[in-house]
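Order-wise, the sequence lines are chains R, H and W. Using my numbering, read the first sequence as starting at 273 and increasing by one per residue. Using my numbering, read the second sequence as starting at 1184 and increasing by one per residue. Using my numbering, read the third sequence as starting at 21 and increasing by one per residue.
Just so you know, these hints were derived from the structure itself, not from any lab. None of these values were measured; they are calculated from a predicted model. Be careful, since some hints might not be right.
[Said to hold, decoys possible] So the derived label-pair ranges between C-beta atoms look like this:
(1) Leu285(R) with Asp91(W): 49 to 59 Å
(2) Arg290(R) with Ala1197(H): 47 to 57 Å
(3) Leu334(R) with Phe42(W): 18 to 28 Å
(4) Thr1410(H) with Phe300(R): 45 to 55 Å
In this text, a Cβ means the ideal position worked out from N, Cα and C, and glycines have one as well.
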Amino acid sequence: MFKIILAVIGRDLKLAMRRQADIVSALFFFIIVVSLFPLGVGPEPDLLRKLAPGVLWVAALLATMLSLPRLFADDHRDGTLEQLALAPYPLGLVVTGKVIAHWLVSGLPLALIAPVLGIQFDLSAEALVVLTGSILLGTPALSGIGAIGAALTLGLRGGGVLLSLLVLPLYIPVLIFGAGAVDATVSGLGGEGHLSLLAALTFASLGFAPWASAAALKIALE
Amino acid sequence: MTDRFNLYRFASPATFYPLAGRMIPWFVVAAVIFGAAGLWFGMLVAPTDFQQGEGYRIIFIHVPASWMSMFIYLVMAFWAAIGLAFNTRLSGMMTQALAPTGALMAFLSLWTGALWGKPMWGAWWVWDARLTSELILLFLYIGYLALTAAIDDTRRADKAGALLLLVGVVNIPIIYFSVKWWNTLHQGSSVNFAKSSMAVTMLWGMLLMALCFWMYSIAVALARVRTIMLERERNTDWARAELAGEKAVGEQSS
Amino acid sequence: MLEADNLECVRGERRLFAGLGFRLAAGELLHLQGRNGAGKTSLLRMLLGLLPPEAGEIRWQGEAIRKLAEDYRADLCYLGHLNAIKEELTPLENLLAAARLADEDLPEDDALDALEQVGLAGREDLACKYLSQGQKRRVALARLVKERRPLWILDEPFVALDVAAVDWLAGLISGHLQRGGLAVMTTHQPVSIAAGAVRELRLG
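Full structure from sequences and hints, please.
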């Protein structure tokens, strides 16, 4: 079981390393979007501190959306997706591997750069830690839920926009608990409650989403 | 065994189509009667609310529309599950036929909510937990409609749409809970009609309007499913006969 | 043994075929023929288990492939009209990755040997995007060289190959049949397969 997951992760990471431009541009998209907000609303530290959790989290959602359309589309175009579907394993395990690989190249870099951007918004050290933690905890759920949308819209006209339409509403709980954790820390309430709910969401979606995506892929491959 | 057979017969478009055609007028008539009675109770009989004045009367539209929008999503998810489990043709057509009405109800609920909000809170829109959830429900409807519209092959469209509906229905409680949590945390305003003791006539008005919305939704969904059936089955014998019959009637009357 | 019973295929609003059946025993090749749009590819996808038939059943060693699922896929090798290779990876990496994903044990020496047989010696370490179309096709074909699974399903395997390569591939398929393997393939070209019984099935 772990063999196939590791095999898929290994292959996808190797592919991602050969085309680093994709990872880097999603990361810069994140940085630029976050940096635009102070220019739009003004540089008052109080206001920025209040806005930071929401801005960083919404930007993280959008940056994740950028890489999602290609999650299955590349494999679909060159025929490898069929081979993956014909592997002697349940397709859900293959998708689990792809979701983990997607998180490693999209969610993880966002979490690593987030504290630097948090400094731009005058966040305290404690809030920076919670921000990084919440993005680390929440982005796997984004990759998982996003995989369902990517599988449903595979090969469709205007797939990218459609994908956002399907997936963004489903991201709302992650956004609420993720941004809420940082918000609660900033206002001194403590973000533990939010973080544990976020972890629950991530575990639930990593367990459930790959199988739903696998069902969607089978529909698309008919 | 005979039960099973009958069920399949009922689910086949060739029998369902004329049956639906005969049922539609009844539901239309029922919708008009319930609607007239409900509006009469709601607008004329129900007492003026001492806190909210006359403005509150919009709830006779708002509340039934909200109920209906949620209920239709559940019905669609039910059909979706049936369709994925038993691979029946009718279920995909039913979800397709229900979706626009569900989206309309969600939109109506938001619109009337805004109209009610202005006199109540002095703003067209407040981020109340219920309104926010309704807005997300509208997004889910739009997502479903957009996805099924983008897929040309009806079989794939039905299956993909069904899967999306099931994912949505699993997520709705989570979304609702998270929005509620977010709302209490930010001390948002909240609508509460349970507090003001509701007059019996108000309850009647609400109930009659809800029945009216039910009958309307059923009638519209049946009419739409008939069109979808004819379109999808236009190459089958029964659909050809149906179309030829309608044409003949049209020529006679002209 | 691969059996198909009373298969029916509907695509969109058209019924492509109905009541289709065949039996294929060890060492036999099924050659699917028919004009474009007759349902050859759909039938292949049914045999792969990707497309559920409207009616009928496909059995492998006496059991429905629907039930066997992964056990059936473990006996199956598919070569589609798409190469299923990654442009960013080298031919060697592609072969090894494909084998790992298919849960096959492919030592690196065997992979190198396979690449040499398809005439890609010296290009093992060049990313596939620098190869020509024909060379990419050879990378895809190299998978078959060491393939020992009993059932091969090949969609137009001879397209875009030169005469020498066509003979080589025909020999490879012959060898597979001689070892007691089964094969199903579509092709428009007349190809002579030396060994094994060839059955023909014409669609449409």
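Review point. Regarding Leu285(R) and Asp91(W), is the given constraint of 49 to 59 Å on their beta-carbon distance met?
Key: 30 Å, violated
Check your understanding: Is 45 to 55 Å right for how far apart the beta carbons of Thr1410(H) and Phe300(R) are?
Key -> Check passed, 49 Å falls within 45 to 55 Å.
Exercise for review: Kindly confirm whether 18 to 28 Å is satisfied by the beta carbon distance between Leu334(R) and Phe42(W).
Suggested key: 53 Å, violated
Point to revise | Outcome for the supplied range 47 to 57 Å, where the beta carbon pair is Arg290(R) and Ala1197(H) | key: At roughly 56 Å between Cβ atoms, Ala1197(H) and Arg290(R) fall inside 47 to 57 Å, so the hint holds.
Checked against the numbered hints above, the structure breaks hints 1 and 3 and satisfies the rest.
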